[in-house]
Amino acid sequence: MNMPLLVLMLIVLLSLAGGLLLLLALLPSAAERRVKGRIAAFRARYGESGLPASGRRSAIIRQRVQASALEELAGRLMPRPDEMRRRLRRTGREIALSRYLLAMLLVALVVFVALRFLFGLDVVIAALTAVALGLGLPHMFISRLILRRREAFLAQFPEAIDLMVRGLKSGLPVGEALQIVGEELGDPVGTEFRRIVDQIRLGKSLEEALWAATRRLDFADFQFFVVALAIQRETGGNLAETLANLSQILRQRQQMKLKVKALSSEGRASAMIVGALPFIMFAIIYAMNPDYAGTFFRDQRATSVLVGGLVWMGLGILIIRRMIRFEI
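In this note's numbering, the protein residues as written are 1 to 328.
Wrong hints could be hidden among the right ones.
Pairwise CB distance ranges, derived in the manner of DEER restraints [said to hold, decoys possible]:
no., residue 1, residue 2, range
1, 120, 273, 26 to 34 Å
2, 144, 295, 34 to 42 Å
3, 269, 241, 29 to 37 Å
4, 257, 310, 26 to 34 Å
5, 124, 162, 56 to 64 Å
6, 252, 275, 58 to 66 Å
7, 313, 173, 12 to 20 Å
8, 273, 238, 51 to 59 Å
EDC-like cross-link-like pairs, simulated, lysine to aspartate or glutamate; straight-line CA separation at most 16 Å [as the list claims (entries may be wrong)]:
no., residue 1, residue 2
9, 261, 151
10, 257, 221
11, 257, 184
12, 169, 221
What the hints contain is simulated information worked out from the structure, not anything from laboratory work. C-beta atoms are modelled at their ideal positions from N, C-alpha and C, and glycine is treated no differently.
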């Protein structure tokens with residue numbers, strides 16, 4: 001087996017290993033899934049008011065103490081931990097801050113080992129690149145999860161408002177209409193509405209529960225919904241008609257977003273192809289003539305030029321993404 005093919009195989013294996021470690025670090029573990037399954041089965045059998053046995057209660061207390069210690073350590077190591085925890089909660093998944101920190105460390109370690117020992121880059125350049133990717137890749141992964149949940153929520157939200165409108169027209173109060181939405185719809189809209197109803201049952205007012213959900217979701221569409229409910233409770237009026245108009249406006253916004261996405265799809269596809277061409281050509285040249293392409297990894301001056309080109313290319317991609325992003 002020749003060296004170029006071996007190097008490419010090692011790169012692929014390290015990339016797969018890094019991605020697997022990132023998923024294992026961020027997604028819930030098998031033990032957590034088993035615990036959630038047992039809790040769900042216990043609630044289904046004994047209801048919400050049942051108490052666990054003493055042994056299980058002790059195990060749960062030990063797990064919480066260990067988790068709180070790890071969370072406290074992660075909070076000390078990371079800047080602005082509260083803001084990061086809110087960001088992780090917006091994904092809709094149970095991602096602990098300590099697990100996110102572990103994912104960053106694993107990605108940085110894999111990148112540093114690959115650049116230093118496979119490509120022979122300078123220690124400083126390998127370390128800086130590892131730090132940048134260790135901070136950036138988990139951040140991009142979390143951003144993608146938040147975006148997917150946001151899109152799913154906004155696609156389902158007009159249906160939730162229509163369901164509330166039908167309940168209000170039939171004579172139900174606002175609280176019961178919210179409960180119906182939570183029972184009839186799935187995640188993420190149903191989950192958030194069930195959380196609102198649970199907070200109301202625990203003693204919070206409707207406005208407090210809704211504004212807490214607004215801070216948790218951070219969607220402009222949901223803020224419109226909360227403002228409409230708050231104004232109606234202060235001034236009175238036909239809430240069903242107001243919500244029906246809001247649902248129509250939200251559907252029109254979604255249609256406009258889809259239209260803009262369709263019109264800009266050709267430009268975005270062209271940008272992706274043009275942006276991928278340098279990497280494709282470099283891989284082809286490296287496979288055909290590894291000694292010629294390997295100069296970028298052996299000569300420190302060529303390595304500096306390569307890193308500078310990647311940095312400027314990344315800045316250009318960020319600027320283009322900002323330019324083609326439309327807020328409707």
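Evaluated hints:
no. : hint                    : verdict
1   : 120 <-> 273: 26 to 34 Å : 31 Å, holds
2   : 144 <-> 295: 34 to 42 Å : 35 Å, holds
3   : 269 <-> 241: 29 to 37 Å : 43 Å, violated
4   : 257 <-> 310: 26 to 34 Å : 32 Å, holds
5   : 124 <-> 162: 56 to 64 Å : 58 Å, holds
6   : 252 <-> 275: 58 to 66 Å : 33 Å, violated
7   : 313 <-> 173: 12 to 20 Å : 57 Å, violated
8   : 273 <-> 238: 51 to 59 Å : 52 Å, holds
9   : 261 <-> 151             : 13 Å, holds
10  : 257 <-> 221             : 13 Å, holds
11  : 257 <-> 184             : 27 Å, violated
12  : 169 <-> 221             : 22 Å, violated
Checked against the numbered hints given earlier, the structure breaks hints 3, 6, 7, 11 and 12 and satisfies all the rest.
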